Amino acid sequence: MNSKSRYLEYFGVASRWILGGLFIYTGWTKAMHPEIFLKVIRQYDITTNPLILNSIAAALPWFEIYCGLLLLAGVAVRGAGLLVLLMLVPFTAAIFKRALAVSNLQHIALCAVRFDCGCGTGEVWICRKLAENLILMALTLLPLAGLGRLLSARFTLGAPKATGS
Amino acid sequence: MSFKAIFGEALLIGIAGAILAFGANSISRQGLKLNRNYFSGGALSHSAGEAAVTSSSDAAPKSLAERLRSEGLQLADSNLVSRLYADPNRESGLVAFVDARNDEHYQAGHVPGAYQLDHYHPERYLEAVLPACQVAQQILVYCKGGACEDSEQTALFLRDAGVPSARLFVYAGGFDEWSSNRWPVEIGERNSGQIHESQPAGHPGAK
Chain A
23 MNSKSRYLEY FGVASRWILG GLFIYTGWTK AMHPEIFLKV IRQYDITTNP
73 LILNSIAAAL PWFEIYCGLL LLAGVAVRGA GLLVLLMLVP FTAAIFKRAL
123 AVSNLQHIAL CAVRFDCGCG TGEVWICRKL AENLILMALT LLPLAGLGRL
173 LSARFTLGAP KATGS
Chain B
59 MSFKAIFGEA LLIGIAGAIL AFGANSISRQ GLKLNRNYFS GGALSHSAGE
109 AAVTSSSDAA PKSLAERLRS EGLQLADSNL VSRLYADPNR ESGLVAFVDA
159 RNDEHYQAGH VPGAYQLDHY HPERYLEAVL PACQVAQQIL VYCKGGACED
209 SEQTALFLRD AGVPSARLFV YAGGFDEWSS NRWPVEIGER NSGQIHESQP
259 AGHPGAK
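From first to last, the protein sequence lines are chains A and B. In case it helps, my numbering puts the first sequence at residues 23 to 187. In case it helps, my numbering puts the second sequence at residues 59 to 265.
FYI, nobody ran anything at the bench for these hints, they're computed from the structure. There may be inaccurate statements among the hints.
Claimed, not checked - What the simulated footprint calls covered on chain A by chain B, stretch by stretch (three residues with Cβ under 8 Å from a Cβ of chain B suffice, anywhere in the stretch; the number is not a length):
(1) 34-46
(2) 73-85
(3) 95-106
(4) 151-164
No experiment lies behind these values; they were computed from the predicted model shown. Backbone N, C-alpha and C define an ideal beta-carbon position, used for all residues, glycine too.
Given these sequences and hints, build the entire structure.
Printed below as a string of structure tokens:
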């Protein structure tokens, strides 16, 4: 392993840990108060069906914790990375859509919009949140590309224990 | 590893994760009941922007009053709340206050003597609060205030549990307004005796 690929590998591990830690933290925050998360996701007007709304609010926080643990431990990392990306993309789009609606309603700039997006961190400035989510999406690309095998328990489910761990 | 293999891995751990997630919700004390409608009252659905912008309690009352009327409930302003708190019937249980917030907020401070009913976990509170509400002639339900809608939902819950809607009042200003008026606040359990008394002129307890 040359020095460039070694640094990329370290960067992959760091991204895995950052994503994992963040998802565990935000997932736990929501799992401890799912009713608050339920109220927030209801405001996105995704659906009015109580069963679907309740299912999202009840399961998603624990699912985030689960994905976070997989990333942190280095188990099925690419699959977990893809799941994290699949959670981030629609959620970021929903935040953007709602922020635009609030911006139009209030006649204020998009970056002046602030609300609790249901991200587990309370009320936030939306432009900042969108930027953060874009960075997180970029970070998921590293494990998806196969980086971050160091210190991983089982990087890929279908293969024996990863080399370098 | 091919994209197909990554999707396969994601699918496998996704299914396992979904099972674990629903299982965790079912055993969690805070877990939600999947088949329950926590937001009864069709008129109360939010638009995308509404919730984010109703930070001021002054802006809310007009549309809120209409919504409440359509559900057979009444809106209470701070004057009415003040009168109800000072009403001697409160001591005999004919006037009741119901706090619709969660344990953490209730324990931190509530209207003295107020019952707690977090409508997300009603089974924990109904035994105490329902008999009291069936006796009371005027029931004032409050939550945090501002964009908080738990007071409306709790009032609707009580109505659906058999409490006549004509007796139910929703205090839109909520606990934020109550405490900003520096009115008495009880800490901990109901009737704990730990009353935090500020003393501005005209607080609800003043004669």
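task: Against the earlier hints, flag every one the structure doesn't satisfy and list their numbers going up.
output: 1 and 4
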